[in-house]
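Engineer: Sequence:
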Amino acid sequence: MKNICFIITLSLISFSCKKNQEKEYTQSNTKKNTIIVTDTTNIDGVLLELINDNGKAKLKINTKEYKLSGDIKINPPCYFLRWEKNKVENFSYPDVGVKHTLVILGNMATKDDRKTFGAESSDNICGTGMQGVLFKKDSIIVTNKILTHSFVCADIGTDE
346 MKNICFIITL
356 SLISFSCKKN
366 QEKEYTQSNT
376 KKNTIIVTDT
386 TNIDGVLLEL
396 INDNGKAKLK
406 INTKEYKLSG
416 DIKINPPCYF
426 LRWEKNKVEN
436 FSYPDVGVKH
446 TLVILGNMAT
456 KDDRKTFGAE
466 SSDNICGTGM
476 QGVLFKKDSI
486 IVTNKILTHS
496 FVCADIGTDE
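Under our numbering, think of the first position of the sequence shown as 346, with each following residue one higher.
These aren't lab readings, by the way, just hints derived from the structure by calculation.
Errors might be hidden in some of the hints.
[Said to hold, decoys possible] Computed cross-link-like contacts, DSSO-like style, restricted to lysine-lysine with a CA-CA straight-line distance of at most 27 Å:
| id | residue 1 | residue 2 |
| --- | --- | --- |
| 1 | 456 | 444 |
| 2 | 460 | 444 |
| 3 | 490 | 456 |
| 4 | 409 | 456 |
| 5 | 432 | 444 |
| 6 | 412 | 456 |
| 7 | 444 | 482 |
| 8 | 401 | 490 |
| 9 | 456 | 482 |
| 10 | 432 | 418 |
| 11 | 430 | 444 |
| 12 | 490 | 403 |
| 13 | 460 | 412 |
| 14 | 405 | 444 |
In this text, all values refer to a predicted model and were calculated from it rather than measured experimentally.
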């Protein structure tokens, strides 16, 4: 009788272990998180980083002086528009309390976009979506408004 109980117990443990091993092999693999910093700039001592976080564009700031609000809605990778010696475009509108206005470029241009706008042989980073970043009194705001259906290159910039 002891032998039968021992064999049954051993069989249950063995069966249980085998079942757990099978579960282990059938569990799905989790995706590895990929976070890529695509562009950075420093405005008034505040480091701004544009990040591609698994296919979602994000703006990261390293300051306690400003509060960040708003989300980037254009598709990554994203870049700050630049001009003259790789300087980030920066417009000021003091009459409405905006100290700095930056433009983020995203929605990277396709081959067809490049062909349509005559930039197919260019190595410039170009896109069709733009979104603003405003520095106000104590906040950095990613605007809700996005501009699409434009063709802009990151290192050529745009006018106001």
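Engineer: Decide, hint by hint, whether the structure agrees.
Structural biologist: Quick rundown of the hints versus the structure:
no. : hint         : result
1   : 456 with 444 : violated, 37 Å
2   : 460 with 444 : violated, 37 Å
3   : 490 with 456 : holds, 26 Å
4   : 409 with 456 : violated, 42 Å
5   : 432 with 444 : holds, 17 Å
6   : 412 with 456 : violated, 38 Å
7   : 444 with 482 : holds, 8 Å
8   : 401 with 490 : holds, 17 Å
9   : 456 with 482 : violated, 41 Å
10  : 432 with 418 : holds, 24 Å
11  : 430 with 444 : holds, 22 Å
12  : 490 with 403 : holds, 16 Å
13  : 460 with 412 : violated, 41 Å
14  : 405 with 444 : holds, 19 Å
In summary, the structure is inconsistent with hints 1, 2, 4, 6, 9, 13 from the numbered list given earlier, while agreeing with the others.
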